[in-house]
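Model the full structure from these sequences, guided by the hints.
There are 4 protein chains.
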Amino acid sequence: MTSRLIDCLATTDALADIFSDASMLRAMLDFEAALARVEAQAGIIPPRAADIIAQAARTDDFDPLAIARAARQSATPSIPLVEALTRRVSTIDESSAAFVHWGATSQDVADSAMLVLLKRAHGVLKEDHVRLVQALRSLSDKHASTVMLGRTLLQPATPITFGLKAAGWYAAAERSWTSLHGAFDSAAVIQFGGASGTLAALGQDGPSVGRALAHELGLAPAAPWHTHRDRLANVVASSSLYTAALAKIARDVALMMQAEVGEAAESGGGSSTMTHKRNPSGCAVTLAAGVRMPGVVSALFAGMIQEHERSVGGWQAEWPLVADAVQTTGAALASIAQVIETLEVYPERMRANIDATNGIIFAERASILLRPSLGRATAQRLVEEAVKRSRTSGATLAEALKQSPEVARVLSPGQLEELMRPEAYLGAAEMIRKELLSTTSAHGLD
Amino acid sequence: MTSRLIDCLATTDALADIFSDASMLRAMLDFEAALARVEAQAGIIPPRAADIIAQAARTDDFDPLAIARAARQSATPSIPLVEALTRRVSTIDESSAAFVHWGATSQDVADSAMLVLLKRAHGVLKEDHVRLVQALRSLSDKHASTVMLGRTLLQPATPITFGLKAAGWYAAAERSWTSLHGAFDSAAVIQFGGASGTLAALGQDGPSVGRALAHELGLAPAAPWHTHRDRLANVVASSSLYTAALAKIARDVALMMQAEVGEAAESGGGSSTMTHKRNPSGCAVTLAAGVRMPGVVSALFAGMIQEHERSVGGWQAEWPLVADAVQTTGAALASIAQVIETLEVYPERMRANIDATNGIIFAERASILLRPSLGRATAQRLVEEAVKRSRTSGATLAEALKQSPEVARVLSPGQLEELMRPEAYLGAAEMIRKELLSTTSAHGLD
Amino acid sequence: MTSRLIDCLATTDALADIFSDASMLRAMLDFEAALARVEAQAGIIPPRAADIIAQAARTDDFDPLAIARAARQSATPSIPLVEALTRRVSTIDESSAAFVHWGATSQDVADSAMLVLLKRAHGVLKEDHVRLVQALRSLSDKHASTVMLGRTLLQPATPITFGLKAAGWYAAAERSWTSLHGAFDSAAVIQFGGASGTLAALGQDGPSVGRALAHELGLAPAAPWHTHRDRLANVVASSSLYTAALAKIARDVALMMQAEVGEAAESGGGSSTMTHKRNPSGCAVTLAAGVRMPGVVSALFAGMIQEHERSVGGWQAEWPLVADAVQTTGAALASIAQVIETLEVYPERMRANIDATNGIIFAERASILLRPSLGRATAQRLVEEAVKRSRTSGATLAEALKQSPEVARVLSPGQLEELMRPEAYLGAAEMIRKELLSTTSAHGLD
Amino acid sequence: MTSRLIDCLATTDALADIFSDASMLRAMLDFEAALARVEAQAGIIPPRAADIIAQAARTDDFDPLAIARAARQSATPSIPLVEALTRRVSTIDESSAAFVHWGATSQDVADSAMLVLLKRAHGVLKEDHVRLVQALRSLSDKHASTVMLGRTLLQPATPITFGLKAAGWYAAAERSWTSLHGAFDSAAVIQFGGASGTLAALGQDGPSVGRALAHELGLAPAAPWHTHRDRLANVVASSSLYTAALAKIARDVALMMQAEVGEAAESGGGSSTMTHKRNPSGCAVTLAAGVRMPGVVSALFAGMIQEHERSVGGWQAEWPLVADAVQTTGAALASIAQVIETLEVYPERMRANIDATNGIIFAERASILLRPSLGRATAQRLVEEAVKRSRTSGATLAEALKQSPEVARVLSPGQLEELMRPEAYLGAAEMIRKELLSTTSAHGLD
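Protein chains in written order, with our numbering: chain A, 15 to 460; chain B, 15 to 460; chain C, 15 to 460; chain D, 15 to 460.
Some hints could be false.
[Claimed, not checked] From chain B, some residues computed to sit far from chain A (all C-beta separations above 12 Å): (1) Ala36; (2) Ala68; (3) Ile81; (4) Arg86; (5) Ser109; (6) Gly276; (7) Asp369; (8) Glu413; (9) Lys416; (10) Glu431; (11) Met445.
[Stated by the list, open to error] Which residues of chain A face chain B? A few of them, derived with a C-beta cut under 10 Å, are: (12) Asp21; (13) Asp27; (14) Ile93; (15) Leu95; (16) Met128; (17) Gly282; (18) Thr300; (19) Gly328; (20) Trp329; (21) Leu335; (22) Ala345; (23) Ala348; (24) Ile368; (25) Ile382; (26) Pro386.
[To be verified] In silico DSS-like links for lysine-lysine, alpha-carbon gap of 30 Å or less: (27) A:Lys133 with D:Lys448; (28) A:Lys156 with C:Lys402; (29) A:Lys402 with C:Lys156; (30) C:Lys402 with B:Lys133.
By construction, these hints were calculated from the structure, which means they are not laboratory data. Idealized CB from N, CA, C, for every residue including glycine.
Set out below in C-alpha cells:
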C-alpha cells in the first residue's frame, strides 16, 4: 500500500512509494551493503564479509513493523535494522556478522538513506514542475492580449491582461523552483561520521571510505554534519516557498472560478450531494498544501538547535517532517499542474466584468489626465463627483465626467471615450509580461 | 500494518490503529449506516433501505487505496467512499441506493468520523496520563527531602528538593491535561449540516435527526460548524501544550542524566556502535514530539480562516494535522510515562553536586544575613570577595567568609556552618511541593 | 509615543499604551514597591525601608533605553531595573538599599509585571468583544430572513440566510472568547519564587508574603511556576484561536464585498492612487492578524521546553511574543468590530446572485424529490441532463426539468415552481440560527 | 528612542535605528523624492514639481504617530504619508501637489522603502558575521589538538577535539550566511508597478522610470512583484536558518558551561539575587532568538498566498515580521559573536571529563579490536562484561578488560593501554576540521 487515507490529499502515488516502508528499508539496506563493499575495497573488512552482507541486505522480507516498534526503544530505526541485518548475516556466516555497519553510526545510515530518497523525489518533482511551467508559459502567450480586471484587495483596479497574470505565476514558480532545485542539489550529500563525527573506527581511512560510499549511493561527499542541519532545512524551507507560489496560483484560480466572477474554471471535482456543482478541487488540494507547509518548516527549524555531536530530540523529530514536506509539495504541484493544463478561460466574462464597473476603474486615469491642468485637489474632486454620479445613475464614468463643464474644457469627447478603453490603459503590461517570461531556472528545463 | 517506518517515533501502536485506514473507513461507514438508521426511524427513508445500507456498510473490504486515489479528484475521501457504498447497496437492492448519505454532505461524514476517532484516542491518552501522574506523585513523595541543586540558566542556584521538582512536573502535567481533556470533551460533537449547513434536504427534521445521529455515534449534538473549527483547533493546541509539559520533563531528565551530572537515569536505549552507552531514548522521543507539535498547531490555526459555508484549502489541510497531533502527543506520553515509571534517581550524586560548588550557591544567603547589619553594598562586596577567594583557593564559602573580620563580627562560626547546610536553606520547598501536588484534574483521575 | 510605524497595523492605541516602556517600567516598579510593603508588614524588612523604596519607585524618570541596553548583558531587564532602583533608594537612604527586591528573583518581577499588563489588556479586549458580539447579534436578527447563496469551495450551493451566516460568526466568536477569557483569568497569577522557586530567602514566610503580594497587585496567588508556562501559553493560543474566528468573518466580508458579488461592504479605506476604490481595509487588518498569530503561537510553544528551575533561551523569548499576541488580537478585534458595526448589507444583490444561478443550486433538491420514485441513478441522470440544458440554453432548472417527460410524470408544475423558491429550501436555517445565538459566554457579557 | 523595553533582547541598537519610525519615514520620503526626480528627468512631470517635492520630503517633522493611526483606516501607512507629503507640497506650491506619487501605488513605496532598510541591515549583519567567523576560526585553530568528549544524546561518546567542534560551528555559520547573503542580494530590488502592476499611468515609460528609480535608491530593477513575495520570504527563511546555526553554538556553549561540565564559559551576566552566579546570558539571548525565528518564518510564509494583483491580509501582515526577523537575527549574532570572542576554554576540564568515564567511551574501540578475532557476538559480550565490571568496581575499562583471559589472548597490555588514550582514537578529526574550515562564503569575507 502506498498511501494512507488520512494523508490522501497530502501526497501522490509516486512520492508515497518513495517514502514507503519498503523503499526506506531498501535505502537503509543499500547503505549497509555499499558500506561493506567500499570497506572491503579499502581492505578494512574481508571481501567475503562484504559479499555476505550484500547478500543478506538484498532480500525484501525485513519486517518494517517490528523495526518501527523496536525503534521506539532506541529512538532510531537504524539500531533494530542493523540488528536484524546482523542476525541475517549470522545465519549465513557467523564470522561476517562482525563487520556489519563497521565504523558507522545509526544516524549515518538514517540520514544517508533519507537523502537517497530525497534525490529520487527531486526527480519526480522536476518532471511535474516542467509540465507546470510549460503550461503556464503557453497560457500566458495565448492570453497576451486578453484584457481583464486587475484586482487589488479583492476590488476592481485598473486593467491587466490575463497573459500578464499568468506570467507572474510563471516567474514566481520558476524563481522558487530554482531555490528548491538548488536546495535539493546541495543537500544530496552523504552522512558518514561514525560515533562522534571523527570516523575514529576507520583511522585515517574514514574520509576516503566516505567519498567512495557517497559515490556508490549517488550522493556527493561531505564532512560529517550530524548536528548541522542547514542543508536539509533548506530543502524544507524551499519546498514551502515553492508551494506558496503554487498556492497563490490556486487562490487566484479559485477566485476567478467563483460563479459571480466566472473568468476561468478548472475541470474540478463534484459534490457528494449537489449534482450541479463543479468544485475547484485541484485548487483545494494545492491550497491545503499551502496551509500546511509553513508549520512543517517551523517545526523543522525549531529542531535545528541540536546538542553537541548528536542531539536528543531535534534529530528524532525530522523524518516525518521531511517526508511530509516533500510529499505535500508534490501533491500541490501535481494538482496545480493539472489545473493549469486543463484550465478553461473565459475572455468574454473578463471583458464583461470590466464593463460592469461602468468605467470607474479608469478614475485614476481620468485624474491623471486632469491633474496637470486643474491641479491635484480639483482633479480629484471632479473625478470623485463623477464616480458618485456614475454609481447613482448607472452612467459610465465617461458620461458622468462629460456632465462636468470643467472636465469638458480639458478633455475632448474622443479623449473621454478613449479613457474607457481598457486596451488603451495597459501601460507596460506586455513589456513586463515578456520580462517575466524571460525568468528561467537554468536547472528546471535542462 | 499499523504504522509507517518514517513515522515510527511519532505514534504508538494503539493510536496508529485508531488512525489506520481500516479504522477510518469503519468510522465513515458507521456514520452512513447510523444516518440511514435514524432517518428510517424518523420516517424519512424506508426502513428496508436503512437495513440494506447497514448491511453494505458492515463489510470490511472497501479499498482504501482506491478511495485515497479518487479523493484527490474531489478533494475529499467522502465522495469516493459514498460512491463505493452506493455501488455496493445497488448490487444488493437497486432502489435502496437512492437513500445512501441522504441529506448529508461530504464534510458531515468526514468530520464526524474523525471526531469518533478522536474520542477513542482520548480514552487511550487518558490511561497513559493516569500512569504518568501517579508515577510523578510517587516520585515526588519519595524524594520529598532529597536535596539537590536548583539550576537556573543551567547554572547552580540555591538548593531545592527533587520532590519539589517532580511536583512541578506533576502540576504542569495535570493543568495541561485538564485543558486537553476539556478540549476533547468539547470537540466530541456531531457534524451534520447538509450542503450549506441548513440541513435543507431534511426540512424541519434536520436538527432532530442530527441529535439522534449524534447519540448513535456517541457524540454530543451541535449546530453545524462546517467552517468554524475552534473546537477541533482547541484539541490540537491543547495537545501541544500538554506535550510541551511532557517535553519539559524529558529535557530535565536528559540533563540530569548527563554523565557529568549523573543525578538520574532512564532505562533508555543503546547505540548502534557504542556498547557502553545508555541513551535517554525515551526523553528523545518525547522531546522530538515537543519539537514538532508547535508547527502542527500553527498549520492547523492557519487553516482556520475558512471561506463561507465550506472552505477551499483550509479544511482539506486538517486530517493529517489532527491525526499527527494526537499520535505525536500519545508517543510523547507513552515515552515519558515509561521514563518516569522506571527512573533511577541518585540522591548521593545530587548531594555531591551541591558539595562540589564549595558552598558558593549560598552566597545569596550570606548576603541576606549580612545586609541588614552592613548595608547592601558592603554585604555584596564582602560576599563577592569571599566567592572569589573560594574559587581561587578551593576553600568553602564559609571558610572564605570566616577570613573576613567584618563578616566574623556579624556571623558566628555556628551560623557560618549552618549557612552551608542545604537542608537549612530550602525555604518553603515542602509547602510548595504539597500545594503543587494538590493540583488535580478532576477528570484525569476519576 | 505609543506605537511604531512598522507595527501600526498590529496594535491599537490603548494596547500600545499598555505595553509601552512607561507602562512596563511602572508595572515593574509597582512590583518592587508592593514587595517591600508586604515584607515590611510581615516584619521581614524595616517599615522605613519599604517607605523609601516606594518613594523611589514612584518617580517616572527611569531611563528605559539604558535599561533595555543593559538588559542585553544580563538577558533580562529586571537586573538593570533593580540596580537603578537600588541606586535611587541609596541616594535617599543608604541603609534602605539593602532591602530592595528582598527575596525575589529577576523573573519574579518580570513575569508578575507582564501579568499585570495582561490583566489590563484583558479589560480592553473585553469591551471591544462586547461591541462585536452585540453588533453580530443585531445583524443576525435583522437578516433572519434575508436569503442568500450558501457557498462551498467558493461555488454556489443551496441557499442560507444572512442571519444564519452572522449567527455562525457570532457563535464562533463567543466560544473562542470564552476560551480566551478563561485563559486570561487563569493566567492572572503572581510569579514569586525567589532564586530557585523555594522562596528560601524568606524562610517559612514565603508563601504568605506571596499571597499578600498577589493581593496588592490584583493577581491571584500561585505556587512558583518559573519554567512551567502553560497558563501564559494558553493566553497566546486562545488569542490566536479567537483571532482566527475574527479573521474568518473578515474573509467572508471581503469576499462578499467583491464588486462581482456585491452583497456587503465595509465603510473601508481608499487607495493612494485610485480615487474610485473602497477597500476592505478593516478586513485586511483583521486578516493580517489572522495570518500572523499562528506563528506567534508556535514560537511561544517552542519556547516552553524550559530547563530546570529557570531556562536559558525559552523564557527570554517570551516578552515580545506575548505582547505581540495580545496587541495583534486587539488590532483584529477593533477592526472587525468597526467593520461589523458599520457593515452595509445588500439583500437585493444576494437575491440577484441566487437568481443568476438559474436555479441550478436546487439540483440537490430536485434530485431528492425524484430519487424515491425513480431511483438514485435515474434521478441523478435526469437532473444532470437538466443542469446541462439549463447551462446551454439559459433556461432555469425548473424549465429544463419540465422538458423531461420522466420528470414531468413525478413533479407537478407547482412543485417545479416551488423547487426554485429559495425560501422554501432553507431547511432548519432559522432553528439553527437561534441555537447559535443561544451560545453565550457567561463571562463575556456579564 | 531606538528600542522598546519589551523587545530589548530582540534587537540591537544599530538595527533598532534602521527600523525606527524616523528611518522608515525617511526611506518612504526618499522614495517619493526620487520618483519625482526620475519622472522629471523623463519629462513626465515638471522639473519644478520634482524640486518642490524633494524639498518637502527633506524635512524630518512628519508625525509618525499620526501616520500610524491613520494607517489603520487604509490598511497601509503609505496613504497617510502621501497625503501628508502632498499637503506639505501644497503649502509650498499648490500646482506641484498634482505630481506627488505620480504613477505609483501605495505598495510601491512601502515595499521599496522596506527593501532599502533591509539593504542597510544586510551591511550591519555582515560586519558582525565577519567578526564571528574570524573568532570561530581562531578558536578552532587554537584548539586543534585539545581533546574532549564527543557527546551524543547528551551522553559521553568517543573523543573529538574542541577544534573540530568549533570548525563545525564555523562551517554551518558560513554555509548559512552564504544563503542569507544571497537572499538579501536577490531581494534588494525595486517595487514599482502602479495600481495593478502595469505602470499604466506612465504609458510605455514605466519600465525605464522604474530602472532609473531603482538606481536612485540603490536597488536592482525588477518587474513588479506585488503579490509574489518569494524574494522577501527567502530573506526571512534564511535569517531563521542562520539564527539556528548560531543558536546551536549557544546551546553547546551553555551546556559546556554547566558547573558539572565546566569546559568553557562566556563572560556572561549576573543574577539579580545570587552574587555568585555567572550566567550564559549571551547564549540565552541567542537561544531566545533561535526559539522565536521559526514562528516568524511560518507567519510570513502563511501570508504568501496573496490574492490577484494585491492582497487583502497577507501583505499587511509582513512589515512587523520582516523587521522582527532581521532584528532578531542581529541580536542573536551580536550576542554569540561576543560570546565566542571572549570565550574561556578549559582544556584540563575537558581532559578530566574524559578521564571520569574510566575509559568506557572506548568500548566501541575495544569491540572493534576484538571483533575480527572473536566474532561480533563474543566481542560484544566481553566488552559489555568489562563495562559492567568497570562501572561496579571503578576500574578503568582497560583494567576490566585485562581481567578477561579471552581478551588478554587477543590484546597485549600495550594495546590495552593505547586503547585508553583519547589522542589515539581521534580518527580523521583533524582532516575533517581542515575540510570544514575550508568552507568559505565568498561574499562573507570580501
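*What are the numbers of the hints the structure violates, in ascending order?*
1, 3, 4, 24, 25, 26 and 30
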